[in-house]
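**Student:** Residues per chain, in single letters:
4 protein chains.
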Amino acid sequence: MIVVMNHGAGEDDVARVTDKLKDMGYGVHLSSGENRTIIGVIGQRREEAAQTLEAMPEVEQVVFVTRPFKLAGREFHPDDTVIDLDKASIGGNELIFMAGPCAIEGEEQLLEAARAVKEAGARVFRGGAFKPRTSPYSFQGLEREGLQYLNQVRDETGLLIVTEVMDQFTVGEVAECADIIQVGARNMQNYYLLRELGKIRKPVLLKRGLSATIEEWLMAAEYILNGGNYQVILCERGIRTFEPYTRNTLDLSAVPLVKQLSHLPVIIDPSHGTGHSNLVPAMSKAAVAAGADGLMIEVHPNPQEALSDGPQSLTPQQFRQLINELKGVALSVGRLM
Amino acid sequence: MIVVMNHGAGEDDVARVTDKLKDMGYGVHLSSGENRTIIGVIGQRREEAAQTLEAMPEVEQVVFVTRPFKLAGREFHPDDTVIDLDKASIGGNELIFMAGPCAIEGEEQLLEAARAVKEAGARVFRGGAFKPRTSPYSFQGLEREGLQYLNQVRDETGLLIVTEVMDQFTVGEVAECADIIQVGARNMQNYYLLRELGKIRKPVLLKRGLSATIEEWLMAAEYILNGGNYQVILCERGIRTFEPYTRNTLDLSAVPLVKQLSHLPVIIDPSHGTGHSNLVPAMSKAAVAAGADGLMIEVHPNPQEALSDGPQSLTPQQFRQLINELKGVALSVGRLM
Amino acid sequence: MIVVMNHGAGEDDVARVTDKLKDMGYGVHLSSGENRTIIGVIGQRREEAAQTLEAMPEVEQVVFVTRPFKLAGREFHPDDTVIDLDKASIGGNELIFMAGPCAIEGEEQLLEAARAVKEAGARVFRGGAFKPRTSPYSFQGLEREGLQYLNQVRDETGLLIVTEVMDQFTVGEVAECADIIQVGARNMQNYYLLRELGKIRKPVLLKRGLSATIEEWLMAAEYILNGGNYQVILCERGIRTFEPYTRNTLDLSAVPLVKQLSHLPVIIDPSHGTGHSNLVPAMSKAAVAAGADGLMIEVHPNPQEALSDGPQSLTPQQFRQLINELKGVALSVGRLM
Amino acid sequence: MIVVMNHGAGEDDVARVTDKLKDMGYGVHLSSGENRTIIGVIGQRREEAAQTLEAMPEVEQVVFVTRPFKLAGREFHPDDTVIDLDKASIGGNELIFMAGPCAIEGEEQLLEAARAVKEAGARVFRGGAFKPRTSPYSFQGLEREGLQYLNQVRDETGLLIVTEVMDQFTVGEVAECADIIQVGARNMQNYYLLRELGKIRKPVLLKRGLSATIEEWLMAAEYILNGGNYQVILCERGIRTFEPYTRNTLDLSAVPLVKQLSHLPVIIDPSHGTGHSNLVPAMSKAAVAAGADGLMIEVHPNPQEALSDGPQSLTPQQFRQLINELKGVALSVGRLM
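Chains as they are written, first to last, in our numbering: chain A, 1 to 337; chain B, 1 to 337; chain C, 1 to 337; chain D, 1 to 337.
Take the hints with a grain of salt, since some may be wrong.
[What the hints assert, rightly or not] Distance condition first, Cα-Cα at most 20 Å in a straight line; then the derived SDA-like pairs of lysine to any residue:
| no. | chain 1 | residue 1 | chain 2 | residue 2 |
| --- | --- | --- | --- | --- |
| 1 | B | 22 | A | 305 |
| 2 | D | 20 | C | 35 |
| 3 | B | 70 | D | 61 |
| 4 | B | 259 | D | 327 |
| 5 | D | 327 | A | 50 |
| 6 | A | 20 | A | 50 |
| 7 | A | 259 | C | 215 |
| 8 | D | 259 | B | 6 |
| 9 | A | 199 | B | 16 |
| 10 | A | 70 | B | 138 |
| 11 | D | 70 | B | 8 |
| 12 | A | 259 | A | 66 |
| 13 | B | 259 | C | 318 |
| 14 | C | 327 | B | 291 |
| 15 | C | 20 | D | 61 |
| 16 | A | 327 | D | 70 |
| 17 | A | 70 | C | 60 |
| 18 | B | 202 | B | 86 |
| 19 | C | 202 | C | 245 |
| 20 | D | 20 | D | 30 |
| 21 | A | 22 | C | 35 |
| 22 | B | 20 | B | 49 |
| 23 | D | 70 | B | 6 |
| 24 | D | 202 | D | 13 |
| 25 | D | 70 | D | 48 |
| 26 | D | 70 | B | 291 |
| 27 | B | 199 | A | 137 |
| 28 | D | 22 | D | 42 |
| 29 | C | 199 | D | 29 |
| 30 | C | 259 | B | 244 |
| 31 | D | 327 | A | 305 |
| 32 | A | 70 | B | 140 |
| 33 | B | 202 | B | 245 |
| 34 | A | 259 | C | 198 |
| 35 | C | 199 | C | 158 |
[What the hints assert, rightly or not] Stretches of chain C that chain B covers, calculated by requiring three or more beta carbons in the stretch to come under 8 Å of a beta carbon on chain B:
| no. | segment |
| --- | --- |
| 36 | 27-39 |
| 37 | 206-217 |
| 38 | 267-280 |
| 39 | 287-293 |
Derived by calculation from the structure, the hints in this document are not laboratory data. Note that this is a predicted model, so its numbers are computed, not measured. For glycine and all other residues, C-beta sits at the position ideal for the given N, C-alpha and C.
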């Protein structure tokens, strides 16, 4: 940390702050510039310490020089994390495709979608049993019944299952069914849920919050890692901006940036990221070219009958075509699929 | 709803869409412009119906002409909601002040803060027992122990208590202690929590999410109202923008806007809204002048020792002075305090 | 400035950077933490120097500890700037009201508006002769003819005139007519224009850009001040956010913040700031309570016939009522009007 | 356009609005829903008409059903615009690469950069003679002297030249030197400049404003097209969001979106879009995969000595390597280079 003193702070002011720092167990280096004194603080970054210092009237600001994430960061963990599942690995050389409908609507719809995405080349099937919905008057998901259908999908197709968990108390139940447990954007900072997920030993797909900075996103991962669960997959799904033509603004620069800052795998959800199925193919190719480890795509046997997010869902045919088109892109950046 | 057909959509396309609408139980009015046909849809707004239509290739967009909130809206509930508590009412002519520390740190700190804010004129005491924190390495709150201290505060000072609930399973426990139950910004779209709060009969203070639109905020209130709990207080606490000099951008225009759209009371939290204690007095006055029904302000006996949010906390003296200065502003807009 | 070295930077790396700094004429203070070395740089802040350093692979980031504005800042100019005009002063104890239509549409409309706003208590008349419009198919302003009508307004009513200048080449012409020259939000970073305005000796009203940070806004003022024109009035008019219910989000916290950082007067434009005339009264009161030095408000004799921005314009009656209601608010924060 | 009447608007209210519409020359279709009447308006979209209507108290909102851009839109111009230059074409099957330093610093630097980017495969050389800078204390560009150096570059290397114009009065001068005239992000809504560019017959590279919506960007293009200059190239260079780790958020979804809405070519500037040279390669690949027609990349012989934007500049070696790596990506999406 660096403490920047106020313009006009005198020796007494500086002494008061350095005393405080020493009380807190920090070492200090003074550096007096033309207009200001700055204090280099030797010791671990602590948010509380920074706030204490910023509340002192002599202090103008406290600047952090280290990132707040430790376990999620690449500094002390230079090698990529590769998550090995039974039939797939995530974060290695091979790309992973997760596909399926936004919401589970019934047994038939689900199995039809699952067969189609499997045939097209997906390894992981997605489908929401528990659905967070903006309106209380919207379809809220089949909940437990939906999990049963997902079990059928796995039994029949052999696809791996990813599905969303909505609170800490259903983690066990969802973990029984899912191969990968998804944390939705609205729950990225649900810390009770994150801590519970730190206790299990299954991969967690952590979606970036709608207006979460990359630092906050990695700190949410840090909660899970800090609990002892090292299998975290990050998923960028668009951030909220002023642009109204797209549902969200897909922040693809998060891919190379996360790859620099962190060892965790990162995948892209172009369906929520754009909100329009006709933008999904271009953004999927862009995501692979940018270095994403995989894609999560909404596919529905009949988007016009979908109970949720039809406008952003591909048909199975469109998905198959996209997978075919992605092969060349993957090859061009040295990835297998 | 209005369905806007694609440029170039022919009679067959229009027929396909109107058939679909009729299948869904809607009435239709066709209107053919120079470049496009639009279909006026007669019947209840339904998000699912809109998505179904938008997924049809003949349709360019679906436009809603009614707001999605019903119970929270003023259209069918023109009179202001006034929440009557034992020693205060919220949403009527009188302003309400809620004050206290961000986090409960111990018995002594809490009682000292409580006596100070009571003396200064606050009716409601705020203090967090359960704390959502960005970093797993930060102080996470005293939890149940904190609730006990809050009980002591009420017993000793007679202040009403507002405190945050973090999940649906502690609603009962928090409701036993709190006179008003707070939903934090990160939980504004935690629908399980909102539904649980719909079942109780205590006032809920619903903070606006960091990047929630006003419509989404009112829809979150709708979840609670829809459960049968009509005592919802809205609290604006700053939204996330590109401006780095303030922690958040306090959106004061939410006050007159919510007053037009909704009958629910709305208060302002200038402490989180700005992040700097020296901006709190000016923004508190602005909030009252804009028509807010009250304020929620962080006050700490010693901000430099606070375990959370010291830089944005007022000292008791600063709070007392602010309350004094607010009297004239309140009077100038016809409010009592 | 502070240079933060990369994690793992060795002595050689540090030496390379300190040599570079010394070459650039800076003094250095080294401070070695547990994980990183930081270098305190003694000397003037220079953006170019920071960029040079950031381009070095050994450097993680460069942090500024001083603000980039000098002339606009309060540090070296602690007293408020008060701009004295013939019949009014801006930035002192008295509030200033600027009112009038968005665009000048004709002689009659303008004089009618001018008489009305004068009678209601405005000292300054606003009206756009040169209009920046998003669409090439919209009304683009009366240009020179409009300036003549403004001259008539001044002659007949004695009101001071504020009007927008669109480029550096019409500064002279506009300055002949206007008592205060307005720089619109879209031109806040038109540096040629700002430099030209630095050469004249008339007050400049500098609107904040739609997505300008407060720092960038003060740097735009710095361009004018650096040219020798010290009469700059800042005007907040809403920033672009994700919220669709308002045209912009009026950032009222800019008022107390600018007052801390700078000695320049700051006024508020609640008409553009909200986009809805029915939000203007509440936000005007809030602005005065927050400490603004004045208001700029759109008033049109007949908003339903306005060629520009009718939905956000008050009628003369509404404006008169607002001015009456503002008196108490002004009094409550110790301001005259 | 569609006019949505207020809840509770009666027959008289509707009659007043339809009368107004007929006065303005519009046809009307009434459609009465359960809660509201909506009026389908037949005739050309006009912003002024919409504002007039929105200023009527009986009207809740006016909704546009057509896009405001006509000449820039694909509806009436379905085929892609391809701009043929002497040695390159833009918007066709072949990708175009524009590269060079942010600012022209001197003859030697410029020629060195030009030779390097030519050798690597760029067809167009970029370099700023006129520089918009946030601070008046930063290097402001070599201006006319810089244009001379650009002439030398063309003469010696045969590269095409793109350089920025800052106001309408230097359009002629810049057009003499440049093969493509660039409008910077800060000038995207400088309408005098856009109109002047409508009068010339040289390609214009129109950068998206920092917080411009895609609609506003296409409307800026509309100004140029409306003047008779049909050679407009759109360039996405990042938008302003809350994310601090990148300088801007590169909105790659603009590529497929603009391709749907418009016939104009669109290229990507990953240097400004990210602000960090180490993110440029990944985002360049992503841009090509998303369907961009080309790239504009900052290349400096020695980024650590650059007077502007060193941290986001590639070295010539890095640029050469990137061009090599792009070949496979281009091939995979059917583009030549």
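**Student:** Tell me, which hint numbers fail for this structure?
**Tutor:** 2, 4, 5, 7, 9, 15, 16, 19, 24, 26, 29, 31, 33, 34, 35, 36
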